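Engineer: Sequence:
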Amino acid sequence: MSTLPGGAAAACICCHRSSSTGQLHRPRIPARVQSRQHRRWWCCFRQHHRCELDHGCPLLHLGWCRLQPAISAEGRLPQPQQPLPARYHLPPPLQPLLPLFSRPSNNSLSGTIPDTLGRLPRLATLLLSRNLLSGPIPPSIFNMSSLVSIRLSHNHLSGSLPVLVLLPRIEKIGIGSNLLTGHIPVDLARCSTLQKIYLSINKLTGSVPSSLGNLSESLGRNQFTGAIPASIGNLTKLQYLYLGFNHLKGEISKEMGNLVNLQELHLHDNGIVGSIPILLCNASKMIVLEVSTNNLIGPVPATLGKSMPFVRRLFMAENALSGGIDFIASLANCKDLNFFEVITNQFEGVLPDAYGNLSMNLQYFHVSLNHISGRIPAGLGNLSNLISLELASNELRGTIPRTLWRLKKLQVMYLGSNRLTGSIPFDIGLMTNWATISFTDNEFSGQIPDSLGNISRLQKLDLAENKLSSSIPLSLWNLT
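The letter at position 187 of the sequence shown is residue 187 when you use UniProt numbering, and the numbering goes up by one with no holes.
These aren't lab readings, by the way, just hints derived from the structure by calculation.
On a predicted model such as this, the values are computed, not experimentally measured, just so you know.
Treat the hints with caution; some may be incorrect.
Cut-off 30 Å, straight-line C-alpha distance, at most; resulting in silico cross-link-like pairs (DSSO-like, lysine-lysine) [claimed, not checked]:
| # | residue 1 | residue 2 |
| --- | --- | --- |
| 1 | 249 | 203 |
| 2 | 172 | 254 |
| 3 | 467 | 409 |
| 4 | 249 | 237 |
| 5 | 254 | 335 |
| 6 | 172 | 249 |
Ranges of calculated distance between the beta carbons of each label pair, as one might list FRET restraints [stated by the list, open to error]:
| # | residue 1 | residue 2 | range |
| --- | --- | --- | --- |
| 7 | 192 | 457 | 53 to 61 Å |
| 8 | 459 | 203 | 33 to 41 Å |
| 9 | 447 | 356 | 26 to 34 Å |
| 10 | 447 | 156 | 55 to 63 Å |
| 11 | 332 | 465 | 32 to 40 Å |
| 12 | 203 | 476 | 42 to 50 Å |
| 13 | 273 | 326 | 30 to 38 Å |
| 14 | 156 | 373 | 16 to 24 Å |
For each residue, glycine too, the CB sits at the ideal point set by N, CA and C.
Model the full structure from these sequences, guided by the hints.
Structural biologist: In structure tokens, the structure reads:
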């Protein structure tokens, strides 16, 4: 037990498992923090993690505490239905907090956020995430001079953000996954200490303010319009930019080439036009690049893989990108590449056998709905961790290389709507993890192999529109 200024004890109660039942016990979180002696009370909820005493500013943490009552206007909670277990002994200075300890059930804090929370002059961190709170955010919260972090995400909060924002110490604002409307306040740009802002999955409208400072921005799933401001290129320390699921127009500005520290760029599901600027390859620390479902045109920079050696997830699907597919070969330089998707574009060319040199971590290789020709490269059989292979709706010809039957982890294979020939080999029955096989609309001939009945996890089998000559094997009726 530590001692706070004024003689109040600072308690630390961790969640732990009972040795007799194995059940996880989580103590309740103090919400009545108006009295000065209780403002440094910090309870840690993470299983098997040690508790720490906050030696800095006070913290009000109601996230993941599984409280059920509503927060009253005075900041008090009703009496619990079950008493605090005897092992949770609170010294006399903390006895007023006892009513706030309740049964360990899901968080369901409801009602509105009381305006009185804005009267806590020393409150530094406000955590009310993942509850059922509704109504507007009290403007008083945005005028608290000590606040460093606000986290109100995953509730049902509505209304607009306050126009007047006076948060001289604020570093993080998280209000994503709510029902907020209106514009982003211009005053946010005047918060010189602000580093991260998360407003994704709301109903915010208007344009993205060009004056937002050196932030990590998460503004996805709103209704923003207009172009991405070129001034974003000034955010040279920016690491994460989320603008997906909006109504953004315009091009990806060349100024984004200045974002040399960018690790994740999410621009998917907008109306962005133009090409992918080669200067974007300056983002050599990129891990996730997601520009799917836009109106992008032109070729992909051939040096993409060499310039972004750390990229793991690359999404460019549902655009009008065209030109050759030489850039895919450069991805052999990306040793951590896990997900590659360029379906529904206008790429042309042949898949070379060298694609077998792609990352051994690659699990998803999706290039369906393009104009790719030639044969399926035998080298793809080297990608031993591949889970999903989608090559459908191209102009591929020839037979399926036997090397693909080495892919024991493969679960999904789409080869439909090509010009593939030959028979379906008996070895296909060795692929016991397969859930989906689609060979439809090709020129396969011969018999349907009886070994298909060995694929016990098979959920979808599509062999329609081929030249197969046999009857349906009886073994297929064993698949349930």
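Engineer: Looking back at the hints listed earlier, which ones does the structure fail to meet?
Structural biologist: 13, 14
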